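Using this note's numbering, you'd call the opening residue of the sequence shown number 22 and step up by one each time.
Just so you know, these hints were derived from the structure itself, not from any lab.
Just so you know, these numbers come straight off a predicted model, no measurement behind them.
Among the hints, erroneous ones may be present.
[Claimed, not checked] Straight-line C-alpha distance at most 30 Å; calculated DSBU-like pairs for lysine-lysine:
| no. | residue 1 | residue 2 |
| --- | --- | --- |
| 1 | 602 | 26 |
| 2 | 421 | 367 |
| 3 | 67 | 30 |
| 4 | 560 | 67 |
| 5 | 30 | 367 |
| 6 | 67 | 186 |
| 7 | 66 | 498 |
| 8 | 367 | 26 |
| 9 | 498 | 56 |
| 10 | 30 | 602 |
| 11 | 496 | 559 |
| 12 | 35 | 56 |
| 13 | 30 | 346 |
| 14 | 346 | 496 |
| 15 | 421 | 90 |
| 16 | 56 | 496 |
| 17 | 367 | 186 |
| 18 | 66 | 26 |
| 19 | 602 | 56 |
| 20 | 367 | 346 |
[Unchecked claim] Per label pair, the in silico range of CB-to-CB distance:
| no. | residue 1 | residue 2 | range |
| --- | --- | --- | --- |
| 21 | 184 | 142 | 53 to 61 Å |
| 22 | 475 | 400 | 44 to 52 Å |
| 23 | 420 | 319 | 45 to 53 Å |
| 24 | 184 | 85 | 33 to 41 Å |
| 25 | 420 | 276 | 25 to 33 Å |
| 26 | 188 | 564 | 29 to 37 Å |
| 27 | 131 | 152 | 46 to 54 Å |
| 28 | 72 | 163 | 23 to 31 Å |
| 29 | 399 | 188 | 38 to 46 Å |
| 30 | 152 | 259 | 24 to 32 Å |
| 31 | 184 | 399 | 31 to 39 Å |
| 32 | 188 | 566 | 37 to 45 Å |
| 33 | 423 | 320 | 24 to 32 Å |
Heads up, the beta-carbon is just placed ideally off N, CA and C, and yes, glycines get one too.
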Amino acid sequence: MPLEKLIFKPGIVKEATDYAEGGGWTDGNLVRFRKNRVEKIGGWKKLGTSNFLGTPRAGHAWIALDGTKYFGVGTNLKYYIEQGDSYFDVTPIRSTTSAGDVTFAATNGSSTITVTDTSHGAENNDFVTFSGAASLGGNVTAAVLNQEYQIVLVTSANAYTIVAKDTSGATVTANSSDSGNGGSSTVGAYQTNTGTNTFVSSTGWGVNAWGAGAWGSANAITDKNQLRLWTHDNFGENLIINPRGGDLFRWLESSGTSQRAVQLSTIATANQVPTRALQVLTSERDRHLIVLGADTLSSGSRTGTLDPMLIAFSDSENELEFESKSTNTAGSVRLSAGSLIIGGIKSRQEILIWTDTALYNMAFIGAPLTFAVNLINEGAGLIGPKAAVSSPVGVFFASKSAFYLYAGSVRRLPCTVQEYVFQDIDLSQAFKCHIGLNSEYSEFWFFYPSIEDDTGEISRFVTYNYESGVWSIGKLKRYFWTDQGVEDHPRAGADISGSFCIFEHEDGYDDDTSVMTDVFVESGDMDIGDGEQFSFVKKIIPDVRFVLEDGVSADAALNIVLKRRNEPLESLTTDTTTQVKASAPFTNLRTRARQLVFRFESDEDATDALGYKWRLGDSRIEIQPSGRR
């Protein structure tokens, strides 16, 4: 019998049955379609050797005037700047006490220390750094007290508890001599309140309908009771950061990584700078700082009451001047369609802004109006504040039910995995959804929390190749994604067994230093003719290209799994599994069925699987009819 090519249509298809997609791929994980050929995705490596505190949900890269590269990382607990593979804590200080306002009380045999500070304003999990404290008399020495602590439990408006530790982090237990209070010189420096690691629907906008309740009511979002999402952008070489619903802060590059970000409105020349915001970004062409969801003005002063539809923008070249004057370009505009700004993104010559019901564009036009704001579309919403990304072909974004492309107008993207993805998104945690660009491969990656996985956290992704128009799917925990550009590789926030870090993607072909597991692609059901005949498969001649990392000596391998069944609703039976290597040009098979499924998967034996990727060509099989029912 002549050999028959195994030719499959590119992309994963989940919208039809496996039998209907017999000429295509119906499942896969950690694979992409490059030039319509399926291959294992690139690997990832941990950035640096250290970890940081909190789930990382935002990253931003920029370059200072002297060429120094920086990378901002916002977690639910802290804000860091990475430079030279090291992380520096620049989390803003919320307040600092006067000397003697803070006192300590220890209990013999316990590591719990009660801290008293009238009207401290702290929340559970907040961080405070003590200085000037004296020893309590025993094990709880001055060195134990004078360091950073995370608050365990707020017991009242005037007191909270911490767990005593030494400078190495080991727990310290008080003894009978620890009867002091720390003296009269103790100072407490409180960092900005931490946020939660989950979206709490009962406390933010979006309870029942978006915007239910009056602004400032119990339903209003705050930076303390909601999922901590940071936005950030560089203004020149300096960094402006904002925890969603909270204040604006600035980190000066000239001050160095040893200095913390400071509240923007407290800087000496600040004028009418917003003190609450949903998002901050820079209009690079005209050099305005733009604040989405700013707090309102009253008698020339900010009220601290956030207006979720108000956009405020600074004077050009001055991020500290927000008062609108005839001599500057500062001002504000309020959107009308919707009740809440979800998010915004810079795109070429305009800024796109989504409310809960509409899409606007915002473009610089100069004096006297500064910006023109136009309603582009109603109905194509944004599933989360970070669910949009700019690309060379336009802006991709995700609603709660579909993917879209904006390129002058809004177009819904045909999607072969739409039902599979959008029926699986845990909408209670939809604000965690995010899109990132992988420009080297002309892809966007959409990450989402899966109902099926039932973790309430990001666990799956879908990719779209905007050159070929094909989709792929996979399982991967990534809490943010930034494209290459300033950095050599895309970066993503991740965790290794609960320790949070940054991975650089498309670097090698492994999971850090381990084998990348569960890498596969699986076809739909194939048959002969009209499907009445049985097929007899005798031999397969694989067409596989192995790409090795420099210095790798492993014998690269790929497994081919043949599955069979006789009817579409019948369960698949794994018939044979064979290992493919360069040294094995073909494999003899003997299987008979009406419907055949081909699965190609990475071999996970560490001796065969490290340091390479595989790419499929046109494999051939020797197959022949084998009678009817």
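Check: Which hint numbers doesn't this structure obey?
Finding: 3, 4, 5, 8, 11, 13, 14, 15, 17, 18, 21, 22, 23, 25, 26, 27, 29, 31, 32 and 33
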